[in-house]
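Number of protein chains: 2
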Amino acid sequence: MVMDVKEVYQQLEEMMEKEVVLQGWIRNHRKQKEFGFIDFNDGTFFKNVQLVYDQSLSDFEEIQKLRVGASLEVRGKVIESPAKGQAFEIHVLDWKLLGDCPENYPIQPKRHTREFLREQAYLRPRTNLFGAVFRVRSVTAMAIHEYFQSHNYIYVHTPLITTADCEGSDQMFKVTTLDMDHLPKNEGHVDMSKDLFGKQAYITGTGQLHGEAFAMAYKKIYTFGPTFRTENSNTKTHANEFWMIEPEIAFCDLNGLMDIEEEMLKYVVRYVLEHCPEEMDFFDQFVEKGLKEKLNKLLDSSFVRISHHDVVDILKKADVKWEFEPDYGEDIAKEHERYITEYFNSPVFITDWPKDIKAWYMKVNADGKTVAAVDLEVPGAGELMGGSQREEDYDKLMKRMKEMDIDEDTVDWYCNLRRFGGCYHSGFGMGFDRLLMYITGIENIRDVIPFPRTPGNCDY
Amino acid sequence: MVMDVKEVYQQLEEMMEKEVVLQGWIRNHRKQKEFGFIDFNDGTFFKNVQLVYDQSLSDFEEIQKLRVGASLEVRGKVIESPAKGQAFEIHVLDWKLLGDCPENYPIQPKRHTREFLREQAYLRPRTNLFGAVFRVRSVTAMAIHEYFQSHNYIYVHTPLITTADCEGSDQMFKVTTLDMDHLPKNEGHVDMSKDLFGKQAYITGTGQLHGEAFAMAYKKIYTFGPTFRTENSNTKTHANEFWMIEPEIAFCDLNGLMDIEEEMLKYVVRYVLEHCPEEMDFFDQFVEKGLKEKLNKLLDSSFVRISHHDVVDILKKADVKWEFEPDYGEDIAKEHERYITEYFNSPVFITDWPKDIKAWYMKVNADGKTVAAVDLEVPGAGELMGGSQREEDYDKLMKRMKEMDIDEDTVDWYCNLRRFGGCYHSGFGMGFDRLLMYITGIENIRDVIPFPRTPGNCDY
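Going down the list, the protein sequences come from chains A and B. Using this note's numbering, the letters of the first sequence correspond one by one to residues 484 to 943. Using this note's numbering, the letters of the second sequence correspond one by one to residues 484 to 943.
No lab work stands behind these hints, which were simulated from the structure alone. Do not take every clue at face value.
[To be verified] Listed next, the stretches of chain A that the computed footprint assigns to chain B, with coverage defined by at least 3 CB atoms under 8 Å from CB atoms of chain B: (1) 550-563; (2) 680-686.
[As the list claims (entries may be wrong)] Using C-beta positions, here's what the derived DEER-type ranges look like: (3) A:Asp-662 with B:Glu-586: 45 to 51 Å; (4) A:Gln-515 with B:Asn-779: 58 to 64 Å; (5) B:Glu-556 with A:Asp-814: 31 to 37 Å; (6) A:Glu-818 with B:Ala-570: 55 to 61 Å; (7) B:Asp-664 with A:Tyr-877: 30 to 36 Å; (8) B:Asp-583 with A:Lys-885: 19 to 25 Å; (9) B:Glu-776 with A:Lys-885: 54 to 60 Å.
[To be verified] With a Cα cut of at most 16 Å, we get these calculated EDC-like pairs of lysine to aspartate or glutamate: (10) B:Lys-682 with A:Asp-664; (11) B:Lys-677 with A:Asp-664; (12) B:Lys-800 with B:Asp-810.
These numbers were taken from a predicted model, which means no experiment stands behind them. C-beta: ideal position from N, C-alpha, C; glycine also.
If we strip away everything but chain A, and leave its shape as in the complex, we get (with noise of 0.2 Å):
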């Protein structure tokens, strides 16, 4: 029976002594003369398995030739290791090889640039940066769904094609069946009564609307899906395709919702940390020194809430230069959020936002100026979820649209669940990309995502 390496790692105990067999990849080789070592891994599992073998093998001389990348399976005996901080090896009983791999295989045994790597997208999991990182947006991944599952909140696939022109269609993808090159017209337009759909339609750069169809039916939803935005932006923190978690729960305001922001991130963060130790400690050994002390102080701490108003007077305060200058009526800047968190020291929910530079959906409050918006800041990252309290008054909505200048007609449905027992309610958005960053340490957000798509760059 063919063993995973995890398993073995979980189970050593009751292996020791025992033969087992495994499948994998040669990660490195150590040749002696009458012996050698092979960094063994299977994918499975952080660590490698030490393989070692002598000239007690019959094919003594085949197994030395064998090469970094090679596919090998290989039965052995599990024994105690005479190396340091090695729990365990496994003495060659036999092997085969099942694919073997070239002298000129990109991924050697060696420091290798990220910016090589990424060159090497479909390779580069097989190293231990990029093969960590990976199994933790997994492991991430399923900590998200747990928690939410676990609190009553349904899972919705929102729809990826949409024709919701709702955030300006010059921020979304254009998708179409025509030909590109020999396009129907229609008195010099594109007439897209000819596609597909009848319509022009689009890739989505958020589910909440729907999602908010259907918090008026379950109560607590979540999304969990691939979101767009043809930003012609290379930044760090930008991609044109990335992951969005949007949860949207009904009978919830601004502070019940930084309850459940609170209480999720920190459900994450420890759940990574429990399931992942392997990993962690290497982000924080060679990624981002202090992450674990980092990521140990949020479970610790309460996330201070503070108004954007109040947030603009501390930092009119403050005895720094400012490259833009804080203002009541205005965004906070990157520097900004940089010294709100040092000087709470702790996560920031920021609450309350001018409204002219929020989204048409949110609750404007009774200020008449400010809008029931949230942002969390967190040390070392900026900005980690953005939420609101929707407005639910139908009346309200439809005048904020028309001030706003957004076109009802693709989504009066949504205005209409204002109308059929509407209530007060609440969602966020955090970019899973981004979550990731933070997690890991990783500082670009083209290492955190499998393939990225950022501009000029849609290979593989």
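Chain A is already provided as a structure; the job is to place chain B on it using the hints.
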């Protein structure tokens, strides 16, 4: 403290004679002269809660005016119900209207046709039927994650936007940021170098190729995300956007793959039966008579494994007048699928298909005529999964691609996986929406997708 209705049901013994606060919607309202009954539902549980009120309420006249669909906060005492088949009811102490609902609310407590409700996609999760369908959708998704995560699989987010034109770009939606009315041209063709990615990009029909790359690092991976097809097809089983699960396993042959498919399907079916007993009873009673028996039979059966050749033998010998004559070199028609699952009275794996009707990446068998492919046919639903062992030999793969006229340029990285420690490996795809049709008994794919996209239909 506001509770979820689900929590009240779960903790009923402790809650008896206690006060609770609930928030939810009115599903039905029966008024008598001196008292009244409200069927109340907050979406967290399939069953309603019966609210009972009487003239002891100071606002008795107001509560009597409440309409179906309105949202309500209610404080009341949990008491034993005199009504049959009802574990408890709630005696209303006070209440607050949160959101009113007009008389012309489309979702009234009566039988609506599914066609009508499809037109009300944003409201239909408030009905018993769709409330159950989309909760089962959520729970089934969780079952899939739990199965794979507990078996050491890595969840991979393969890219949606892709330039890998491997299955024929005419079946993929093109995406663009260009102004369709004013496309830049170059020698008569659209100049795609001006687009955001510098070339024509698509939204994908499969994550398999990218999944294989990750299987060569992690041994066992799965994808679970949206996929797209441009088919102009208006059947009950086709949608242009649907969710798919695509596991890929290194060091796994076709027999190993069938073991996994069978174990996974049974795990998921058992999980849903256990986690959604109320919903499954409802489907069994009102959607597909015998549904639960069908599913329990699946759990108890050992799936048949038979080659395509032997299936055609059986079909040829059958005393049936076929619409499509079965043939050794041909695909199997719906009528054949039905016959063969009835013949064995069990799910059937059909293996070793004629290579000319299957995909280019499948491993050609020693006979040179068939490929190591497998389709799982289940009674009453036809094909539920399709998988294969992949061609792991670089030269054979290249030869096959030439034969089948596959453009190597966009998938050279995929082919390279065979050169760098490639190994025998297999994977399958399962349409999530079709799985849901099978589990719920719902016959039209439009009724298991929250906001379905089909030709001419992209509302919401």
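Structure-based check of all given hints:
no. : hint                                 : verdict
1   : 550-563                              : holds (count 4)
2   : 680-686                              : holds (count 6)
3   : A:Asp-662 with B:Glu-586: 45 to 51 Å : 49 Å, holds
4   : A:Gln-515 with B:Asn-779: 58 to 64 Å : 59 Å, holds
5   : B:Glu-556 with A:Asp-814: 31 to 37 Å : 36 Å, holds
6   : A:Glu-818 with B:Ala-570: 55 to 61 Å : 58 Å, holds
7   : B:Asp-664 with A:Tyr-877: 30 to 36 Å : 35 Å, holds
8   : B:Asp-583 with A:Lys-885: 19 to 25 Å : 23 Å, holds
9   : B:Glu-776 with A:Lys-885: 54 to 60 Å : 56 Å, holds
10  : B:Lys-682 with A:Asp-664             : 14 Å, holds
11  : B:Lys-677 with A:Asp-664             : 14 Å, holds
12  : B:Lys-800 with B:Asp-810             : 12 Å, holds
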